[in-house]
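Okay, here's what each chain looks like letter by letter:
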Amino acid sequence: MRLRFILPLAVVGAVWAVSAMAQEELRPYVIVGDSIPDSLTGLSGDAERGRAIVASRTAGLCLLCHSAPIPEERFQGNLAPNLAGAGSRWSEGQLRLRLVDASRLNPNTIMPPYYRLDRLHRVARGFEDKPILSAGQIEDVVAYLVSLKE
Amino acid sequence: MVFLASFAAAQGGAEDRRSGYQDMGAALQKMQDDDTANPAMLFVQAGEALWKQKAGASDKACADCHAAGSMKGVAARYPAFTPGSDRPVDLDGRINLCRTTQQKAPAFGPESQELLQLSAYLALQSRGLPIAPPDDARLTPVRAEGEQLFKGRQGQLNLSCADCHDDNAGKSLGGATIPQAHPTGYPIYRLEWQTLGSLKRRLRNCMIGMRAEPFAYDAPEYVALEAYLMQRAKGMTMDAPAVRP
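Residue numbers (this note's numbering), protein chains in the order written: chain A, 42 to 191; chain B, 52 to 296.
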């Protein structure tokens, strides 16, 4: 297993091919510039549910790194910008791409890829071949972030 | 002035390393400093009793072969190679080597009470001493492997150890201060565990947090990570057996 960190590229390609089959579960999306303009599910998300996902330490995990206007959560992180006002800084499509795969915006980001299955190593049993959030959850979080105007 | 400023900066750089002890609140520091309040000391007492207890087919106690005081500084230099072996072991592995080859008794299980008690007893004998990894070229590739493990991303969250412990140490991860991950205090009494635990258990906890598959308890990867962490903490003061949140 430890070899996984130093696999030559050609072999990594083969691993990707294997996980690509599991990836059928990921819904296809189109990136336009720095955003994914269209909903992953074709529907719009629910901001209330999105808020609960962002607050949750087992679902979104966002408050490990970020703070957000969620006053009942006492313990928030400071590794990343406060999410307050995210909806006025970024468009809906930009927020969607940020969540789906933040490394598209910043290759060195520590923000986890919430809707990506490739280029991951030693994923724990039980989490393999699953995105961190489902397409529906991504849309809920996007709806919540869009609502954070100040 | 310029010289003074850069000299100060260099000095500052040398002292930039902070132990988990320095990152704790005053109440926990006090608990660790007071041997009558530090819960790890109960394990040390039990370890001292084990140290003197005859065991195995050879019916020998650790104390029969090792003089009092001979374990001073030992915990501060493992992992290390042992004579006749081509693989380094950590302190727990070294204890188990004596257990099986000298006492001729079955090895203690990982995280077993006995192993924690003995390692706490040995670690106390290095308290206050600087971490002093062996000057042994055979450890160079082992440390390099550990460094690679430390700096490589892993798990569903796609984080590396270094993302937190090198790049974001001192910041708040959902309320917990991220320490620099110096192994000065092991085994530790961790309040979250309500018991004593090894460095391995601590590393496994971080891997689980990253949603990475932890290595098996006997995997050489832990020894590699520990060897890297000890080298990274070289010269820092041992504060084992420590208390941590």
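Worth flagging that the hints you see were computed from the coordinates, not collected in a lab.
Accuracy of the hints is not assured; some may be wrong.
From the structure, some residues in chain B lie toward chain A, with a derived Cβ separation under 8 Å [said to hold, decoys possible]:
| hint | residue |
| --- | --- |
| 1 | Met75 |
| 2 | Asp214 |
| 3 | His216 |
Listed next, the stretches of chain A that the computed footprint assigns to chain B, with coverage defined by at least 3 CB atoms under 8 Å from CB atoms of chain B [what the hints assert, rightly or not]:
| hint | segment |
| --- | --- |
| 4 | 82-96 |
| 5 | 147-156 |
| 6 | 173-187 |
For each residue, glycine too, the CB sits at the ideal point set by N, CA and C.
Hint by hint, here is what the structure shows:
| no. | hint | verdict |
| --- | --- | --- |
| 1 | Met75 | violated, 17 Å |
| 2 | Asp214 | holds, 5 Å |
| 3 | His216 | violated, 12 Å |
| 4 | 82-96 | violated (count 0) |
| 5 | 147-156 | holds (count 3) |
| 6 | 173-187 | violated (count 1) |
The structure does not agree with the numbered hints 1, 3, 4 and 6 stated previously, though it agrees with the rest.
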